[in-house]
Amino acid sequence: MYQYDQYDQQLVDERVAQFRDQTRRYLAGELSDDEFRPLRLHNGLYIQRHAPMLRVAIPYGLLSSRQLRKLAEIARRFDKGYAHFTTRQNIQFNWPALEQVPEILAELATVEMHAIQTSGSCIRNITSDPFAGVAGDEVIDPRPWCEILRQWSTFHPEFTFLPRKFKIAVNGALEDRAVIRAHDIGLELQRDESGETGFRVLVGGGLGRTPIIGEEIASFVPWQHILTYCEAILRVYNRYGRRDNLYKARIKILVKALGIEAFREQVEAEWAHLKNGPSTLTEAELARVAGHFVDPAYQVLPSVDRDFERRQADSKAFSAWVNRNVRAHKKPGYAIVTLSTKHHRIAPGDVTAEQMDQVAAWADEYSFGELRVTHEQNLVLADVRQADLFALWQQARDAGLATPNIGLVTDIISCPGGDFCNLANAKSIPIANAIQARFDDLDYLHDIGEIEINISGCMNACGHHHVGHIGILGVDKNGQEWYQVTIGGSQGNDTTLGKVIGPSFSASEMPDVVEQLITTYLARRHADERFIDTVRRIGTAPFKQDVYADRQPQRKVANA
Amino acid sequence: MPEIIKNGRIVSDDWQVITLPEGETAATIALPAGRVIVPLAVWQTRREALAARIDLGEIGVWLDGTEDPLAIAADLARLPVVAIRFPKFSDGRGYSSAVLLRQRLGFGREMRAIGDVLRDQFNYLKRCGFDALQPAEGRYSRPQLEAAIASLNDFSQPYQASVADPKPLFGRLSRAA
Ligand code: SF4
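Protein chains in written order, with our numbering: chain B, 1 to 560; chain S, 1001 to 1177.
I should point out that these hints are in silico values taken from the structure, not numbers from a laboratory.
Remember, it's a predicted structure, so these values are computed and weren't measured experimentally.
A couple of the hints might just be wrong.
Said to hold, decoys possible - Chain B stretches covered by chain S per the calculated footprint, using a threshold of three residues with CB under 8 Å from any CB of chain S:
no. : segment
1   : 8-14
2   : 233-240
3   : 364-375
Stated by the list, open to error - Derived DSS-like pairs: lysine-lysine, alpha-carbon spacing no greater than 27 Å straight-line:
no. : chain 1 : residue 1 : chain 2 : residue 2
4   : B       : K256      : B       : K275
5   : B       : K331      : B       : K316
6   : B       : K330      : B       : K275
7   : S       : K1006     : B       : K165
8   : B       : K275      : S       : K1167
9   : B       : K499      : B       : K256
10  : B       : K248      : S       : K1088
11  : B       : K275      : B       : K165
12  : B       : K275      : B       : K331
Note that beta-carbon positions come from the ideal geometry of N, C-alpha and C, so glycine has one too.
Use the sequences and the hints to build the structure in full.
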């Protein structure tokens, strides 16, 4: 993974010094709340329901074991011994004290980490494919590009006070695992006929209050020009994006208002001035950054390990875990392991300091000292030898990180919701846990097959509910917590937004509702059909009918 | 005389920034003697009438966040100073206006940030080409303003190319692989 040179380190150190002084001036009354707010948000610091919340950047989801140990240490020293992995591949601490945040940032800087631009109206952490560099369907490794974009977007002098937050995702594989269609800019790495690297550029996607699928603004931008092209998009947005209404300030609203054609024209006109300018990337810079992402020292191994096969035959539990949580690797004899954080007694994405230390140890022992965070809030060890899987599984099981449920009902994506977040209409974690508890039976779980349930506590959609096969959104009705259900959403190459099935439900009804949706699916599915495929084939009506059939019509439609 | 930061130093400044109070119009507002920075609307309506003072170098123009720098492209040779107003420090349009003035239009004289100008943005402002920074009157005491100068250099080697750093870090310095 990328290693800082003296300049990267200096910037992060300077940032710590800057924020230390800003915090001091704030506490001394020299900075008003209004003046301090964007400064702390640019360092990931929210003032939340119980205490401040600090969001630390995990650039494109990549972590070293050393960094994870530092996060564990911070969780112990400054927090309550755990932290929360987010749907944007970052990590959040829920209980740090404001006065201590500069100290936490200084600790992070010692392991090449920071909380820069993890919040606020600026370019946020770049997100990407958690299987980058190891997936068989990869066309071009996105990681060097993510790092190049990270550097370009860090403290960009022109684009630090945008109308609203700005999210960029990069995908380099055939299957889109970075949800690029739901980002302000989505970049898809491609090769043209001559084999040159470039990007298909999507713009104006996003979930939130007004979910919109991104549209193509450029079919191929050669790699040398990607920074100037992004700069052109950002400049048009910075100048013309709405600043009068928070809810209309994202770039998607500007793109919709102008239409993609007119927006493209403006961007191209701007780009004409920037193209071939000083920000044009060089072979040397690309080679320098890409040099950090070469393959680790893989061993030459047989494509199937005998012992591994035998273990699977011997242990149903191990083989269930392998089937769900282990993916094929591009190198023979290696595997990609997803450690599940999903369990009905903990919040999705929550990991204790002790677990972090354990995962760090496994990363060192089995996976070249590195790991990744997925936007589904799980952790990935990307380079494990098949021969090590059984040992890893045993340890992960003891640590509570081996639930064999990746991609299944209980692998729920959930935002922190009303338990932690100020903006929430409703709680999301207890809903996730109640559904997970309902589907505790593993055989049943596996029979249901692949399904994605996403929960957000409000329309800001941090839990990506629009693109869940089943999406659950917390809504407020006269001060009470209700839940609106959508079905048919999906992420990936065919990203679609789910449709609302009808009036919303109370918290206690939610496990029944989900179970009913699944019963309908099981009754109507064709062989080998996933939940989402059945919804697509038969539409939402049969699901709606069954869910509402034996429910009192006492509810009114909550605000959509 | 108010004090501003010019090229990294505190200087006394005799430019008066003229705003249009309610009830006044660009055509009628009285302009005091001496050096004045007028709103774009005043410049556009009274350019001819002010010709003599313009020739003396007494007239500058300020732009609001919504006003396009291209509107004064043809006038830049006659302007000793262009100011860009930040209605709120968190309204970032002025950064793009500044970059356009410097890079697209080649404006080389004083470019001044006025309005809600705070030390925590000094480094970004400098990199976008502002050489003069005028925090709102009374926002900083003299010692605070002196301390604020350090913020100009919050980041000593930024990644990006900008007005202040014509090359990005990768073109400016050699970075070991
Ligand atoms: S979706 Fe709403 S409730 Fe959930 S974390 Fe985001 S802002 Fe908070």
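* **Numbered hints the structure breaks, given as an ascending list** => Violated: hints 3, 6, 7, 12.
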